[in-house]
Each structure stands twice: as structure tokens, then as C-alpha cells.
Amino acid sequence: MREFTDGSSAIVRGALDAGCTFFAGYPITPASPILMQMMGELPKKGGVAVQGEDEIASIGMCIGATLAGARAMTATSGPGLSLYSENIGLAIIGEVPLVIVDVQRLGPATGGATTVGQGDVQFVRWGTAGGYPIIALAPSSVSECYSLTRRAFDLAERFRCPVFLLTDKELNMTTTTVEVDEYDKPGVRARAALPSNELPYRYVPAADVPPLAQYGGPGAVRFTGSTHDERALITKAPAKVAQLNEHLRAKIEDNAAEIELVVKDLQPGATTLFISYGTTAGGMRDAVAQIRAAGKAVSGLTVQSLWPVPERAIREALAGITRIVVAELNHGQYRREIERLAQGIEVVGLHRVDGELIAPESFVEAVR
Amino acid sequence: MNSPTTVTALSTYRNQTPYPFCPGCGHHSILDQLSAALNELHIDPTKVVLVSDIGCSGLSDQYFVTSAFHGLHGRSITYATGIKLARPDLKVIVVMGDGGTGIGGAHLLNAARRNIGLTVLVFNNFNFGMTGGQHSTTTPSGAFTSTTPGGNLERPLDICATVAANGAGYVWRGTSFDKDLSGRISEAVWSDCFALLDIWELCTAYFVPNNQASKKTLTTILDDLGLKAGLLHRANFPEYATAYRKAALSQSGKPLPAPRPIAPRFKSPLSGTFRLVVAGSAGGRSSRRPAWSERRRCSRGCGRPSATTIRSRS
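Taken in order, these protein sequences are the chains called A and B.
Under my numbering, the letters of the first sequence match residues 91 to 458, in that order.
Under my numbering, the letters of the second sequence match residues 18 to 331, in that order.
Keep in mind that the hints were calculated from the coordinates and are not lab data.
Do not take every clue at face value.
Heads up, simulated DSSO-like pairs for lysine-lysine below, C-alpha to C-alpha not over 30 Å straight-line [stated by the list, open to error]: (1) A/K135 to B/K271; (2) A/K134 to B/K263; (3) B/K196 to A/K134; (4) B/K263 to A/K135.
Chain A regions said to be covered by chain B (calculated; three or more residues, Cβ under 8 Å) [what the hints assert, rightly or not]: (5) 153–163; (6) 167–181; (7) 242–253; (8) 312–322; (9) 411–425.
Because the structure is a prediction, the values reported are computed rather than measured.
Cβ coordinates follow ideal geometry from the N, Cα and C atoms, glycine included.
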């Protein structure tokens, strides 16, 4: 069965199927279609969707609602993500499950408001003070918009942290034909209840993640954005603060294998490997088909879990490769991650920052 | 929703930890009266969320046995709004300083406009106490602070008039010395509307020594500005979180988005690669809808601006 739809609708459907009950956002192209659809759909299932007075209020409402039992999502683009920054840090330190959709457009600032870009890749990784890890998924097709939205909700619950869904203007706003039966439906775990004898936070073992304590249950629940002990009381005791911050790092980095998600299209004998993500991977897939049709060997790797970097999968894909072409709509933000893994293999960047997509022909030309 | 529960009411909603505030600081009295107000309401502490802002008043939640949320500076009202929207049955009380009315001014205004059921207690001591006595939105004109060494040139914000003019359900102004403060807090919480209490008090670390201020100064400032104290405003607009649920009921049970299948109706006559040039638009693209050929091209992940390549389906 086929349908004619776009990434925005697939994300909305993915969120609803994943059990999203709260949405707050502020209008911004190209993320507005998600806001508008959530405003229409969430009330139907007893959820709440609000248009905040700005992006700061929108993400703030999402964080508050999550503590009161909701499963929340917000959606914005680069300029709005800038305003989310401080609250992203709050969600990290307070360990709040939250899905943040960043529909990228060409920056900086207002930039090419209605043109495509992938300039937020490092921004989502380092977008708040402190430098703590986050999770980011990047769908490269409309059907992946659906499945990775579900996955994002699951990971947010699993690791109690903000999970970014990094898409772009073309993916979200281009209507295309999709094979509905091919929609992958990864499971989304239910939120576990915190046992009454447990504290709202736990730091040892560092990589463990206890259930979220929610308001309105049998006991009072404390939450704070300051460095805190397991009772959520503010502390500056170095040993406790070190435990907290090590936990925030370890729960994501030490569990990276669980988050890792790539699509490998590796051809035996190929010496060139294309690496891409998001919309740009569409052009890559086309180019791979063209090159193979011409009788040459080439491999392609679509990175779906951008953060943490799926290092194991990337290293595996490098076997026999002598030239890596990293294609992205920025000046080479993800290329630097590949370069540190490539160890002696030539790494070439294929970039475009003019608001247009990278044509398959450009990939073909990049193969020597 | 307004009926208070008596089962788990406490004689005090404070815990055993002593306050950390400076001697003479008005925060002591306000928080004692907040505890008394919750006692008057006979309210279950697990059904109360104290949302604190940043600054000395932001420490308040740690001294209470209720649920608590301590977030970012100026954003307390946004978290409180999210909590109330997700759980309209909870009593959500925001504790913020005068500083929060500046950095979070947009949130204050819009929460009032929505008339969402929050009780906002502004601990208004006319300066930033925690960070060294800098001037705030409510610093009186001419007052000396660490950032107005020659006297404040700005006019102070009339918080009460601002929220009253924009939809708040309950607005009161008074001081930390007022004997009826606990009664006013419980009245505000009970009202389940956007309620704001602008509570004037003394910062004994900075504002008092910098301005030779005393309890009497609070009255002088009030008179100089021509402002009034007491219950200033009441309105009966629908509370937002409850109104939202009510409005959503009419949508309840309607079908959620599902795939809308399409079936091929035409067969392409093309058998190879063709090129189609769409001319006549001076090279520009429509800002609303790209031409059909470009839409198809975009979805395939390629793109050249002036000409479009269409391949027939194999």
C-alpha cells in the first residue's frame, strides 16, 4: 500500500503511536506543520498541545508536563533551537525524557528561512553549557521519520534524557510516495513507576537509569536543575557532584551500543565509502545505484544515530576502504567525527551550503 | 477540583531545615505564611508543587515537604504551566523574585493572559539579592543599587497593573509584614485562576544599607509611585487548563491520522531519461509550493536549480 505524504506527518503519526501526550511549540518554518498537526491531533486522545509565547516557554512547558506524567515532544528549527539551549541543559541535569525535533534550515540566524541545511549537527551535540552527551537520530526518508520518532520516544524513556530528531526542510515539507507496509515500528517502552522506597535519582552504578519520579503520585517529588544528591537536594559536595556528572556521561556513552543505528550498504571489493545522513543520504542512495549500474563497486553508509557517534559500526564499514566521502549540507561538521575514526584513510568532504541539495551526480563525480 | 482534602493535612508544610536567609530578610516571614496558608487549606502536600525561580527566593522549595521544581531563571512560570496543563488537579505555586519578572516578563504576561491556574508569589525586594544587589525591574527610580551607583534612571514595573490588565484572575499587593498574608495566599490558591501576589519586602544585605531603607520605606515607595496595596483585582475568566480539557472533549475519540492509501491510476509513457524545462518564472521558485516536477525531484534527494531531470519508472 502506498501513500502520498511528508516527513512532518510521519513524525506526528510516529509521536502519536509512541504515546506522546504533550506537545508545545512556537511557529517556525519548516517545523510549523508539526505544531499545527499536533494541535489538531493530541486533544483527540486526551493529550495537550500548546503554542507557547516563545521557544523558551514551549520547551519549559514540555519539561514541566513530563514531570507531571506526560510524554512530551517539541519541534523547532535552528533559531528556536538556540532559544532551547538553556532548557536542554535543564533536561539533561534533571534527567527528563523529552523528544526535540530540529527541522534544520540554512543558518546562521534567520538565514535561508525556507531553504534546506544540515548545519545543526554539532549544535545539537554541544548546544548547552557543560558538554554532556545527548542522543540524536537523523531519519533519511519519510518512513524513517515515522520509525525514528518512535525510536526517539523509546530512547528518551530508556535514558531519561533529551533525544533529538534531526531532520530538515526538504524531508519534512516535501510530499512523496511512501510504501506504508515498509514502515518499521520499533517498540516504545512504557514509563516504569518509581518504587516507593526509591529516591528520585541514583548515580551508582553510573550507567544505570532509575525510573522517573512524577508529581501527583503517593509521595512528594523533588526536581532541581542545580547539582543535587539522590534526594534532589542541592549540593556542592565534590564527591556527590562528581558522581552525578559521571552518571550523566556514563548512562549514554557506556550504553552507546544500544543506541547505535546505521544502514549499511556495503559492496565487497569497494574501495570508496560514501557516508551521509538525513536528506543527503537520498542523493547518496541514488548515486550508489548509478555507480553500480555502471559496473563499479561502491559502498554507502547512512548514519541514523548521529550522537553518540556509532563508532563500532563506522569502523566496521571501513574494512578495505581507501577513500571516504562524507556528504552533508554544511562545511563538514560530521566529517570531523569520521576523520578521527578513519586513521590513515583519505577522507573527503562533499558539501553544499547554498540552500540546495547535493545531486547524485556530485556523488558520482566524487568517486575517483 | 477545588474541594480540599483533609486526610493528609499537616500542621506545618515546612521540613526541619532552618532557612538560609540573611537576618531580617523578608523571605522568612513570607515562607512561614505560605506554610500557614497550606495548613489553612488542609491540602495534601503531594498535591502541591512548589515551583521556584532563581535567586535567594529560589532556595525556598528545599524547606518544604511538598513536591518541588527548581529550574532556570525566569522560566518558573513555563514549568508551572506545563505541570498544570498535564495535571490540572495539582495546586501549582510559583515562588519568584522581582528579578524573574524581568527575564521572565513574557511568561508572566502570557500566563496571566491565559488565566492558567497558578499562584505566583513575587518576593519583591527591589534588587537582585543573591548576586550582589543589582537593580531589577522593580527598583524605584532614584534608588541606589550596585548597578545604579548614581541612582536608578528607569521607572519600576507595576507588576500588579500589568497582569490585571491582561487577564489575571486574582491580584494582590502587600508586604511581608502584613498579618493577612497567609489568608491572601490561601485565598489565591483556592481561587484556581492566575493569581499573583506582589509581596514587598526588605533585602537587608543590599537594598536596606544602600538606601537607608526600613519598613516605613515600603509605604513611602508605594505613595511616591501612587500605587495601592490590598486586593487590587478579581476576574472570573475560565481557568485555562480546565477550559482546555473541556474544549478537547469535543475532539475526543475522533480518528487519529492513518495512512491514506493511493493507487496508481496512470501508466507513464516515458521509457528513458527526459529533460523538462519549466520556463517563464524568471528563474524564481514559488515561495509557497514548488512546481510538481521539483517536488518530485526534491524527494529523490538531488537538485539543480534551473532544470529538472525526470527519469521514467522502470
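Here's how the hints hold up against the structure:
1. A/K135 to B/K271: holds, 8 Å
2. A/K134 to B/K263: holds, 12 Å
3. B/K196 to A/K134: violated, 47 Å
4. B/K263 to A/K135: Given pair B/K263, A/K135 holds - Cα atoms ~13 Å apart, limit 30 Å.
5. 153–163: holds (count 9)
6. 167–181: holds (count 3)
7. 242–253: Contact hint for the region 242–253 of chain A vs chain B: violated, 0 residues under 8 Å.
8. 312–322: holds (count 6)
9. 411–425: Three-residue rule not met by the region 411–425 of chain A, so violated; n is 0.
The structure fails hints 3, 7 and 9 (numbered hints given earlier, in ascending order).
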